[in-house]
Each structure stands twice: as C-alpha cells, then as structure tokens.
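Protein chains: 2
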Amino acid sequence: MRILGVDPGLTRCGVGVIEAGASRRLSFIHVDVVRSSPDEPQDLRLLKVYNGLCGKLDTFIPDVVSIERVFAQENRSTVMGTAQVAGLAMLAAAQRGIPTALHTPSEVKLAITGNGTAGKRQVEFMVMRILGLNEMPKPADAADALAQAICHALRPAGAIQGGEREEHLTVAQRQWAEAAQKARRAKGPARRDM
Amino acid sequence: MRILGVDPGLTRCGVGVIEAGASRRLSFIHVDVVRSSPDEPQDLRLLKVYNGLCGKLDTFIPDVVSIERVFAQENRSTVMGTAQVAGLAMLAAAQRGIPTALHTPSEVKLAITGNGTAGKRQVEFMVMRILGLNEMPKPADAADALAQAICHALRPAGAIQGGEREEHLTVAQRQWAEAAQKARRAKGPARRDM
Chain A
132 MRILGVDPGL TRCGVGVIEA GASRRLSFIH VDVVRSSPDE PQDLRLLKVY
182 NGLCGKLDTF IPDVVSIERV FAQENRSTVM GTAQVAGLAM LAAAQRGIPT
232 ALHTPSEVKL AITGNGTAGK RQVEFMVMRI LGLNEMPKPA DAADALAQAI
282 CHALRPAGAI QGGEREEHLT VAQRQWAEAA QKARRAKGPA RRDM
Chain B
132 MRILGVDPGL TRCGVGVIEA GASRRLSFIH VDVVRSSPDE PQDLRLLKVY
182 NGLCGKLDTF IPDVVSIERV FAQENRSTVM GTAQVAGLAM LAAAQRGIPT
232 ALHTPSEVKL AITGNGTAGK RQVEFMVMRI LGLNEMPKPA DAADALAQAI
282 CHALRPAGAI QGGEREEHLT VAQRQWAEAA QKARRAKGPA RRDM
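Residue numbers (my numbering), protein chains in the order written: chain A, 132 to 325; chain B, 132 to 325.
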C-alpha cells in the first residue's frame, strides 16, 4: 500500500511518500516541500499549493492520503492558511477517488515512538530508522510529512479515533485510544474541528 | 460589473450574485445555498461544496468573487470547515483567473448600513431595499452572501483594508479605515489570519 503524507502549510507544505509492504515493512519513496511565497496574494498561493499537491498525487498515485489534523487554537497567525491547505489536500484526493485519513501530531508521535508526547528529535530519529535513511530530510515539514505517512501505516488496526467503541481492544489499540482521549481533553471542543 | 458573494460554510455555503451598473446602481441576479451533509466524510463534503461553487462561477461568470474573511477565534466548532470552504472559493476563482476580495462582517455592515456594528435585521432590511427585493432570501447564509457582494460594490473607492495609506481620504474612506482599524484592535493578531 502506498501512502502519501501531507504536513499542511501555505508557505511550506510537506509531502512524503512511503510504501507499506508485507509484515508492515516500510520503504521510502519520495519527499518534497510544495512552497508558495508570502508576497503573493492568498488566492494565488492556494492555487500554487493545490497544483503542487495534484502533481504529487498524479505522479505517485497513492492508495491513501494521510493529512495532519489542524486545530483552531494552535499558532493563530498561520492556522487559517494551514487549515485551508489541509482542505485542498482533501479536495485533491477526493477528486481522484483516493481515501483520506487525518492524524493529530500526538497520534503521529505515539505510532512512531510509542510515546504520544515524544520530542521532535526522537520522532526524526525513528523516522530515519524506520525508513533506513542516512540523514533526515530537510526542512522539518518534509520530515513531518513522512512521519504522518508512517503513522498511518503503523497505527494499530481498527485504531479508535473518535473514541466510539472501546471494548475488546488490543494493548496497542488501548494505548492509541487513551492518547487520543487525552489529546481531546487537552484540546476541548476544537478537537472536532476538522 | 458582476459580483459573486460567498458566505463560506461547510453545511450551508451562501452564494449571491449581483450586477453593479452605472452610478453604483445594483441589481439582483441570483441567490442560492450550496449544501453538504454533516453525515458525510469531510473530504467528500469539501468536494461537493467545491463542485457547487465551480458550477456557480461557470454559470454566472462574475468579474470578481467577494468572500467573507474568517477569523480563527470565532465559533470554534465550525471555524475550520468555514476557513476551508473560503479557501476552496479562492481556489475556484483563481483557477478561472477571477480576482477575489475578502471583507469582514463589520466591513459588510458598514458598507450597507453606514454602521459597522449594525444588527442582522438592519442589514437584511438594507439588502432588500438596495436590491429592490420584496422579501429576504432564506436561509441567512443566502442573505449574507448577497450582503457580501453588495459590500464589495459599495465599498468606498480605494478602501483602506490593510491600513497602509491614510492621507487624503474622503469621509467614507475614513469611516471605513476607522471601522477596519477598530476591528483589527478588537481581534488582535488573528486579523491577519487569512
């Protein structure tokens, strides 16, 4: 299964592509950053990022697109542009009939390091190790897009994202559900924003 | 000049079209609401609203698309979807080479009633009067989209939206600049979100 991860952003939108083979073996395919200049009007920036994302989808033809879930209260000066780019990524995937998934930063950390509050360096280290890379892709948005794709591949089967049904869970599923619930409690109602 | 106003929303996205003739005489062309169901997945909802907006642009071929400016801190449970739909409207316009404008709710109220803090009923009354309608289009999203289009037509020439240059203003321009500044002060940094 080919997974394209997106770390949405208007100035830098990270895109990372991996292949998830048998027994969850993951291999690196591609990483890049789609950019638009803050000097350009908002509508042309959105068009540029959308076109860049469409190009990646048409080149790598993923089976699923995994996008970072954006919250309203995080980093207010850029969050609206970030939310809009996440929306464009969902649109571009839906136009091609490709399913989308949304994972929060804590879900990504948990899936990759086993700890939903892991630091950036630890996540980067594990991304390199999981994909067998000699160095971490730069800038951070590129690394985050790969982490997002890996998260989707490594998430426990039947991961509880909405906290709906929590009986008969495996240990990994229970950890996942607990981390998700913790994130929901910390975030409050905006958790359901997207 | 034909203006298509958008009141962005994921469940109900208002679209209003007016024609601005000689000496700022405005006439009503069309009003509608593009809908998506909260029961559907987010990506399919965005696709549906985007397709609906593209259909309106291709039917009415406006000279400009005027969209409500969305702030991060307003009504948190739906603001991300609203921001994403505003982004889709900008994308759809940019794909067709149609310029876009963003106006805040207080700019709309000021342009239509002369008072940036006017109530909803007063705005609706003036929308009906300006367009010569016998009754107000329902639901409210449809009326707000017409108000957004009228605002773009009636805004003072050279309206100061960013507060950059404020010398040699007419009375209307100065009122506009003051209302915009007041809104900026009330909103804080999130004013520049979109």
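Hints are computed from structural coordinates only; laboratory data are not their basis. Any given hint could be a false lead.
As the list claims (entries may be wrong) - Between beta-carbon pairs, the in silico distance windows are:
1) B:T248 with A:N246: 46 to 52 Å
2) A:D194 with B:A271: 50 to 56 Å
3) B:T248 with A:P169: 27 to 33 Å
4) B:H161 with A:F256: 54 to 60 Å
5) A:R166 with B:K251: 56 to 62 Å
None of the values given here were measured: they were computed from a predicted structure. Every residue, glycine too, gets a C-beta built ideally from N, C-alpha and C.
Right, here's what the structure says about each hint:
no.: 1; hint: B:T248 with A:N246: 46 to 52 Å; result: 49 Å, holds
no.: 2; hint: A:D194 with B:A271: 50 to 56 Å; result: 41 Å, violated
no.: 3; hint: B:T248 with A:P169: 27 to 33 Å; result: 32 Å, holds
no.: 4; hint: B:H161 with A:F256: 54 to 60 Å; result: 57 Å, holds
no.: 5; hint: A:R166 with B:K251: 56 to 62 Å; result: 41 Å, violated
Hint compliance for this structure: hints 2 and 5 are not met, and every other hint is.
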